[in-house]
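Protein chains: 2
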Amino acid sequence: MTTLNPDLANTHAARALLRCKTLSAISQMQGGIHREYLSKEHQACNKIVGQWMNDADMQTWQDEVGNLWGSLRSSNPNAKRLIIGSHLDTVPNAGAYDGILGVMLAIELAALAKQLNLDLPFHLDVVGFCDEEGTRFATTLIGSKALANEFNPSWLAITDTQGMSMRQAMLDFGLQPDDFAKAALNPDEILAYWEAHIEQGPVLESVDQALGVVTAIAGAKRAMITLTGHSGHAGTTPMNLRQDSVTAAAELVIAIEKLANDCKNGEVATVGQVHVRPGATNVIAGKTTISLDARAQSDNDLADLISNIESTAEKIAKQRNLTIQWQWTHAAEAVQCDSYIQALFSQACTLNQENSPFLASGAGHDAMAIAPICPIGMLFIRSPGGISHHPAEAVIDEDVTKALNVMFSALVLQANKSSKD
Amino acid sequence: MTTLNPDLANTHAARALLRCKTLSAISQMQGGIHREYLSKEHQACNKIVGQWMNDADMQTWQDEVGNLWGSLRSSNPNAKRLIIGSHLDTVPNAGAYDGILGVMLAIELAALAKQLNLDLPFHLDVVGFCDEEGTRFATTLIGSKALANEFNPSWLAITDTQGMSMRQAMLDFGLQPDDFAKAALNPDEILAYWEAHIEQGPVLESVDQALGVVTAIAGAKRAMITLTGHSGHAGTTPMNLRQDSVTAAAELVIAIEKLANDCKNGEVATVGQVHVRPGATNVIAGKTTISLDARAQSDNDLADLISNIESTAEKIAKQRNLTIQWQWTHAAEAVQCDSYIQALFSQACTLNQENSPFLASGAGHDAMAIAPICPIGMLFIRSPGGISHHPAEAVIDEDVTKALNVMFSALVLQANKSSKD
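Order-wise, the sequence lines are chains U and V. Counting in this note's numbering, the first sequence runs from 451 upward without gaps. Counting in this note's numbering, the second sequence runs from 451 upward without gaps.
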């Protein structure tokens, strides 16, 4: 039995969706969804989700940083742990599915495994991460980093916008902040980490597919680039005597777009901010700052793209007699998804008559933080309109059923393989 | 006698400069120069400048909108009026010479004419305009427009940032607002209007010349152009699925620059403002608004440039699948300087061993407003660094002496011509 009975799949997928809706109501924001790390709503959410885990016959606990766990124990007490999950926190004014859906699907998998008496040769551990979005304290992936022993104790001193330190918030939540290291997992005990997540982009929709197998989580670099020329009167300064920072920045924006377009492996580069000074209609602007966000599936690809952008920018600045300054603000290495898990998810798609397009994740996920300690795999679910982090974030019900089918088949395939190993 | 004795020229030019400095102290702003329409400082300025006019044996009066006048009367009571002047008001944190120097030079011309017993066949009328900059009320050139009977009574209701109406400010100043029409001149009585002004641009400096003869005051059109695409996640949206308003705007900025560069008659076009929404590093911006300021010496040239910009912009928007909106905010027709006066100033330059490069004015001036009622001519004085509207605004002393020499020669040439006519 490697595929689910359709009625069963529909029923469980429907329950996962219903539970996403139920959790939407646990919000610290009027008229929208917002559930941040160590809030009362975080506590309430863990409580109800823990109850759902218990209902699926899982042992549950909360770890030292606030992640919620449920475990469907294997009959073999020395079995490894297959961890499946995502995050339960949200950005302000969020949608109902980003993160949440992945946890709900994992619980349904456990419920199905129990109900169908699957004899799993691994513990099936469901995790609901406490902080992926990083909206409360100036850091992201707190929950998953703690698992990989990457929780940085200096974070405890970070304060939120209300002046509350992470340490105090953890204490108020009932946690012992100095015990954070106990949340770290022993890599030897872990088989893999799987995560189902909405795509948060338009790729699957554009190819008319419900699901996609993630190849890598893109690395990213961000910078603020400032071009400095010379302010001047828009009427009295001839075109040939200008050192216009806006036109220089425009040339750079177009060059960045072209360089990313010319890449072969789905690299992207974005200018999302432009600041012009002095910023008056009748003044040639002396100084313009643009933001750069560049991402690639591999660090080499990203380095190549960045290097091309840098040399092109220097050329533009030199040709136009402007100076250029770079302020690098963020760097994250690319994380590859495990090739065996990619193949497994792809095979599971085939078993369910689903196509399995491969795509990279341009956004960050908890799986990134877990990757140093075990193989990771991710399954993307189509995002209508590519929308996320917004109340209009949605999923197609049928897609969710397909995701549950594929995850279930992958679970069975993994169980068969693990039994033979 | 068509040229000045060098000592006399130096002495009078030095006095003109000293008086610019003296007027700098009459400021409504601490630590900088600011003198706006109908302020106490406007009153104080008119008083002291009127005194200097009296010292040059001129009859003085203030007209119904607050312009200051001094007249050196011709022996022929039916003579026409040659008006020479500029404005006495300033922008906030201004330089000392923009406008002011032209009035001071005109007074020195009158003083010299008196001192040298020139028998002028016209009344030499010096005007100090009350509001060229338009910084107090949302309109410019109030003083010169009143002369051309273009004072719009609806302006009286405009309020300044303190909520004071122009009407009330005129009353407080001692004027009768409803008498504004009495400031209008009879065109039949006017020979011409001459204005010496700092260039406010870098052209004369770039060709290493002290003076330039103005050919035209550029016409201008201004717009806010909004490009609307689609916001998206900077990481998850592939390059080929974007409708990025920033890259579209950048392409338009470059196109605008190229179209202006390709023009033959000194047309200029400037994007000085860029507003990006939502304006986040990791979000492809759905909406970008840029400002456009385009100027040309002739209305036809300006129309051609604008038309090319419009069609190029529409093309860019269409190719990138964005929509585009135009909001035209300002339009001013180009004003040609009188060709006889251009030739006269050029000849006066020759008499003083000065070159006489011709150039257009990209900035607006009182002469624009006077043009409908009489021939106008302008002489530009080199602006070091092209700087104006800034405390660093400067002139080179020697350039001012040259300007006085040339204006004097032009006055004598005009007198000779008018005597023969």
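If you're looking for bench data, these hints aren't it; they were derived computationally from the structure. One or more of the hints may lead you astray.
Claimed, not checked - Calculated lysine-lysine pairs in the DSS-like style (CA-CA distance at most 25 Å, straight line):
1) V/K564 / V/K632
2) V/K867 / U/K708
3) U/K564 / U/K870
4) V/K497 / U/K765
5) V/K870 / V/K564
6) V/K768 / V/K530
7) V/K490 / V/K530
8) U/K708 / V/K497
9) U/K530 / U/K870
10) U/K708 / V/K530
11) U/K768 / U/K870
12) V/K490 / U/K768
Bear in mind the structure is a predicted one, so any value in this text is a computation, not a measurement.
The hints, checked one at a time:
1. V/K564 / V/K632: Given pair V/K564, V/K632 is violated - Cα atoms ~29 Å apart, limit 25 Å.
2. V/K867 / U/K708: 64 Å, violated
3. U/K564 / U/K870: 21 Å, holds
4. V/K497 / U/K765: 56 Å, violated
5. V/K870 / V/K564: The hint holds at about 21 Å.
6. V/K768 / V/K530: The hint is violated at about 58 Å.
7. V/K490 / V/K530: Distance ~33 Å between V/K490 and V/K530 Cα, so the pair is violated.
8. U/K708 / V/K497: 63 Å, violated
9. U/K530 / U/K870: 14 Å, holds
10. U/K708 / V/K530: 65 Å, violated
11. U/K768 / U/K870: Between U/K768 and U/K870 the Cα gap is close to 64 Å, so the pair fails against 25 Å, i.e. violated.
12. V/K490 / U/K768: 49 Å, violated
Checked against the numbered hints above, the structure breaks hints 1, 2, 4, 6, 7, 8, 10, 11 and 12 and satisfies the rest.
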